[in-house]
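Visitor: The residues making up each chain are set out below.
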Amino acid sequence: MQMNRRINIWRNLDWLTVIVWLVLLIIGWISIYSAVYDDAHSSIFDTSQRYGKQLIWMIAAVVIAFSVILTDNKLFLFFSYFFYGFTILLLIAVLFFGTEVNSSQSWFQFGGIQIQPAEFAKLATALALAQFLSNTKRKIHDPKVLVNTSFIILLPVMLILLQPDVGSSLVFFSFLLVLYREGLTGWVLFFFILFCVLSVLALLMNEINMLALLVLTSFAAIVTVLRNAKLTIRGLLIFAAVAGIVILFFRLAGTDIIVDLQLVIAAAAASLVLFIISAIGRISNAPLVLGFLFTAIIYTYSVDYVFDNVLMPHQRSRINIVLGFEDDPLGQSYNINQSKIAIGSGGLTGRGFLQGTQTKFNFVPEQSTDFIFCTIGEEWGFTGSLVLLALFVLLLLRLLYIAERQRSSYARIYGYSVIAIFFTHLVVNIGMTIGVVPVIGIPLPFISYGGSSLWAFTIMLFILLRFDAARMEFLR
Amino acid sequence: MKDHFSDRKYIIGAMIMLPVLFFIIRLFILQVLDPSYQLSASSNVLRNVTQYPSRGLIYDRTGELLVYNEPAYDLMVVPAQLAPFDTAEFCSILEIDKEYVDTEIARAREYSRFRSSVFLKQISALTYAVLQEKMYKFPGFYVQPRTLRKYPKDIAAHILGYVGEVDRRMIEENPGYVMGDYIGITGVEKTYEEELSGEKGVSRFLVDVHNRVMGSYQDGRFDAPAVVGNDITLSLDASLQAYGEKLMQNKIGSIVAIEPSTGEILSLVSTPTYHPELLVGRVRTRNFRQLSSDTLNPLFNRALMAHYPAGSTFKIVNGLIALQEGIIDDVTSQTCPGHYTVGRLTIRCRHHVTPVAMAAAIQVSCNTYFCHIFRDLLDHPKYGSVTAGFNVWRDHVRSFGLGERLDADFPNELRGFVPPATYYDRFYGENRWRSLQVVSLALGQGELSVTPIQMANITAAIANRGFYITPHILKDVANSDIDPEFREKKYTTIDSIWFEPVIEGMYRAVHGPDGGTARIAQVQGLDICGKTGTAENPHGDDHSVFLAFAPRNNPQIAIAVYVENAGFGATMAAPIASLMIEKYLNGEIAGNRKWLEQRMLEADFINRLVADADEQEN
Ligand SMILES: [Zn+2]
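First to last, the sequence lines map onto chains U and D.
Everything in the first sequence is counted per the numbering used here, starting at 287 for the first residue and increasing by one.
Everything in the second sequence is counted per the numbering used here, starting at 731 for the first residue and increasing by one.
What the hints contain is simulated information worked out from the structure, not anything from laboratory work.
A couple of the hints might just be wrong.
[What the hints assert, rightly or not] Restraint ranges, calculated between C-beta atoms of paired labels, are given here:
1. L361/U x F735/D: 26 to 34 Å
2. R934/D x S329/U: 28 to 36 Å
3. R934/D x L356/U: 48 to 56 Å
4. L522/U x F735/D: 30 to 38 Å
5. S329/U x K851/D: 24 to 32 Å
6. S1210/D x L447/U: 49 to 57 Å
[Unchecked claim] EDC-like cross-link-like pairs, simulated, lysine to aspartate or glutamate; straight-line CA separation at most 20 Å:
7. K1205/D x E1215/D
8. K880/D x E1007/D
9. K739/D x E690/U
10. K930/D x E800/D
11. K425/U x D737/D
12. K360/U x D300/U
Think of the CB as a built atom: it goes at the ideal place given N, C-alpha and C, for glycine as much as any other residue.
Full structure from sequences and hints, please.
Guide: Printed below as a string of structure tokens:
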């Protein structure tokens, strides 16, 4: 009986995913070799170098993957909360006993091995969330359930922010995707994505363009929501009138407030008036949209401030240390530019293996970790980038398929957690290197150098595959 | 179970695809459509050019320049930046063949494809000028300015030492150096490497694919200028050194001259020597091999490293010890029958007036006298045993700086040897040896061995009546102080009152009317005090030794001269020492001593040896 079950597990294992996983590991290894290539240590097996170390970690990852497959899947279920609690303890402990690297205290140092609890916290949170939400009695819109769910997600976020490791903590917001799949209203996800897009746009675009974009989309939203031409035109006129009056006032007063800010204040004032009118007139949904417009404008203007004053000191100094600059005169744009130049110089087919000059001359920061995609982009060009992205899409869609075919909600919720985490890492990491996402240092799964993240991602993936292999016997 | 939200999987699938699709479009624009990044990447090759500082200059005590720098140009190559080029033209400019190009590029590639290697060392300024105009044709190559040492005076090779490229071992010992850096390997260049070397700088340039420098990287924000090394002034007297080297031509040996009051080395000659220029730049390796295979060993610094017997000059020290220990006083006299005989042992002495007391004994270098006082010292009942007496003697000897490195500022000084009692215990058994067995030490022979600089130091200690200052070659260094160790008086264990009778003896050895051993060293008005010696050489003719200082009161110079295989001290070493003193104190050689100078210059012990050897073979 036991024997029989084993054989079934191997037969039922989703080998396509395993192969994609292996290919990604090897691509990562070769890319790290190329990124930190050193003539003095030209053997890819040289364990004094990052590529040699990565090989050791890859082998360990394979062993870990095997062990996970051989573990009884009920154990994961059983120990979900215990594992979660243990990880929380680690996150607390690392604040006191951790090693400080680049001004954030996020590592445990055991001899030559560094463990980053934040990487494992993602896994633990995924398991705990699946355990909590899979209870059929719990309905996601029940306020008590919502509070508890938020607590499960936000507790590690808080602890990780204390390290501080902004990048890792942001990843936890990807669990919103899981909640959406489990029935949370689409508005939450919509606003969160909008929030992200606005943040990015605010950093990438100048304020006038941003404002124009916001006003346009808001009007589009108003039109859609009101579905009434008369009301819309009236609303527009009110908006234009109030805004015009405010701007006229600024002009007449001869104020020295910059034009951008004048426009913002005008738009905000107009929105406020419109909001009050529609609220009094009980025009359905209009207050919601206008409220959104109002907050969006405020938010857009605060995002620069937050990024410069709240997030930046830590991340800026981190990159400065890597680059060896005392101050970073060219700011964030320098790194992004170097990264874009590296990727751009790859052309259609790339410069060839070990031929990249941008990634070799230390133009690009964190070449083997967060900016590993630069090496791939430079040396393998658009073709290589496309292949890598295709592999990731293949992996994610396959995992989506796997998650959907689970017969237990526990396994499905867990599966979506894995998808959400991988997806977030992929988008943030590659988006960062091509300059569409701000520099948030999180690794590219299976590709970036580092044992902790590699093991955590591998365990995450193989627990899902383990559930999948046993899906027929696993009902709840 | 019923799943109401199953359709959301499509929305989620689309959410995954959407940003990836956006990335693909973005990457396509970045990598394929937009040519500006391609261009920007190629003009973005960063070249770090090390700015090598020029080493500090070296002057002598009178401000004469001994070492300066001359620009040189190394042609460098970065294999990863190489592109096909016109090898024929390249070779003709540099006057090299294609084979050289291939092997050097292969070698550079083996070292590193991304770091620069030296392709051709020290190309001439003319070649450099021609090459510079054609540089755009040879991507991957660039010229690295360096400096080379230059010696306006062809002297003092052993003192100055030489500079060479660091090797792997040196890099391990001196982190901060990288392959291709220069470092002082011997002599002053090594001792004062830290002062002389300065600090490397770096300039970063952006270079385009056509090997054109596009400009300074970020306006030189990350450049670091080189810091020139500090100049140093040596205590060496260049003209005295040159004169000493001339006198010692065709002779094997050494001269060390010290200013007694300061310990400053005025001259340090070791012959045969070599031209310092031989060990500079491209020719260094070849010349070094040639010099090190020379049987006369010109690279060997005899002044610091040759172990010689002290010879009769050592009688001065033994006399001082006997006086200090109260074995004798300055009027205690001893008759000399012309030999010292105990049982079967007979040590011959020369014919001289007798009896002699201390001053006269030194004047005539009486073996009998010194054998007596040495044995009386060791056998004195107050010590209890010969071994105890011997140890008292040894401690006195060591207080003159023998048997240990003086720690002069040279990298490779040897310590000489003052045998410990245990040394004789091994031969004869503990407490089984008597003073007679070690009596050769009375005459500076036997197991005792010294270096020329130690002998000069003893002379300085005598001139100072009881103390010396560690001999050193550094007089002054810009922006820093000299080692306080070189200002400190080191007292011998002999009280200053005991020096007068000994110095009287040394004075009479040069000036004595009857039986002075070194009358040839007399120079009118200089009051030279000296002591001859003949160091027995088991391998051939005895070495000629002479110690001297002058003037007798307020001495300005203390000197030790060793001339190998030249026989009696009076024949070679004494005249050479006196000429050196005369040159230093008077600036020139008196007319009535020109014949002596001429004879010394002409004396040839190297070719004579060769001639002798030839004769024997025939
Ligand atoms: Zn005698």
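Visitor: Hint by hint, which ones does the structure fall short of?
Guide: Those not satisfied: there are none.
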